[in-house]
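Respectively, the protein sequence lines represent chains A and B. The letter at position 13 of the first sequence is residue 13 when you use my numbering, and the numbering goes up by one with no holes. The letter at position 141 of the second sequence is residue 141 when you use my numbering, and the numbering goes up by one with no holes.
Below, computed lysine to any residue pairings styled on SDA-like, alpha-carbon distance capped at 20 angstroms:
#  : chain 1 : residue 1 : chain 2 : residue 2
1  : B       : K60       : B       : E173
2  : B       : K60       : B       : L166
3  : A       : K74       : B       : E40
4  : A       : K78       : B       : N160
5  : B       : K60       : B       : S26
6  : B       : K27       : B       : V5
7  : A       : K7        : A       : G99
8  : A       : K74       : A       : Q25
9  : A       : K74       : A       : V98
10 : B       : K27       : B       : L38
11 : B       : K132      : B       : A145
12 : A       : K78       : B       : L162
13 : B       : K132      : B       : R120
14 : A       : K74       : B       : E64
15 : B       : K6        : B       : S23
16 : A       : K78       : B       : L100
17 : A       : K74       : B       : S43
18 : A       : K78       : B       : E167
19 : B       : K27       : B       : E64
20 : A       : K74       : B       : S77
21 : A       : K74       : B       : I159
22 : A       : K78       : A       : T97
23 : A       : K78       : B       : N164
24 : A       : K74       : B       : G161
25 : B       : K27       : B       : K60
26 : A       : K78       : B       : E64
27 : A       : K78       : B       : L38
28 : A       : K78       : B       : A90
29 : A       : K74       : B       : P163
Per the computed footprint, the stretches of chain B lying under chain A, defined by three or more beta-carbons under 8 angstroms from a beta-carbon of chain A, are:
#  : segment
30 : 38-49
31 : 70-77
32 : 81-93
33 : 146-160
34 : 164-172
Source of the hints: derived by calculation from the structure; they are not laboratory data. Source: prediction; values computed, not measured. Just so you know, even glycine gets a beta-carbon here, dropped at the ideal spot from N, CA and C.
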Amino acid sequence: MRIFTTKGTGTNLERFTTDAGIDYQFNTGHAYREHRTGPDSHPQRAGTVDIVEDSIVDDIQQLIASGVMLPELKPASKPLVQIVTVNSVNIVYRVGTVGGVVRISDYWALP
Amino acid sequence: MITSVKEVLDAIDQEKGHIEQLSSASKDVLITIVLDALAEQISIENAGYLALRELCDRGKVPIELLLLAHLLAQWVSCATIEELDGSFLARARELAPDNLRVLYAVLEKQPNIEGDRNQRAFEQRIIDRILKLYPADPIATEASAILANSDESLPLDFINGLPNPLEGVDFTELLESWI
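Assemble the whole structure, with the sequences as input and the hints as a guide.
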């Protein structure tokens, strides 16, 4: 399991980790919560925040290794939407790069 | 009324009193900051987004600006949860429910803005709406065919491949004509 550092609290909580020379930033306060589609959307169904975010980093590393270019924050671009299965729960996440950092701006569980 | 772009940007950089500075900034200053951010002369993160949010919160704005704010809210850390969940898109939808750019943005919003836990049913409603208004629309036609042959919601590669709802919008022209 990777080590995460944090900044902020509550809905402003951000978590950071580095692996293989790549910095990752999670908007955890935005993501690890019940979304508009109801209680099923809470990622806690898949496990703790550490488990979910660690799995997402694993998935992004596989994406990058397979040659996928992550979109960069620009007015004309959209973040990429991906899906990873964590403890049998499908987690959808939104990812892109901002200033060289891989940012996961949101993630949620599918019912 | 603050008419200095530098004054507002300094406040945002220092994260001190920037909310007050933004709310006191003139419309011209906010538009200048947004245009500079779109031209990548200053950061969209924080300065550009916060100025755009302030413009959108002041009342009547072009639909395209609401869609831009919605699009950026899916990226930036400084967006609120309400903005991430689609509050700007909901406003655009209320103002222009039949606008094709708005309908595309609604279709690609995940989790969907209606809070429907049946994503497929939500997508079908939006696609039916687009096809009713724009019968020859190629995106909705393709999406409809995909749903007709599957019990699942639209696949991610289709969602990721949807055109940017703001494709072809000249924000410089839009904002300069709006000043």
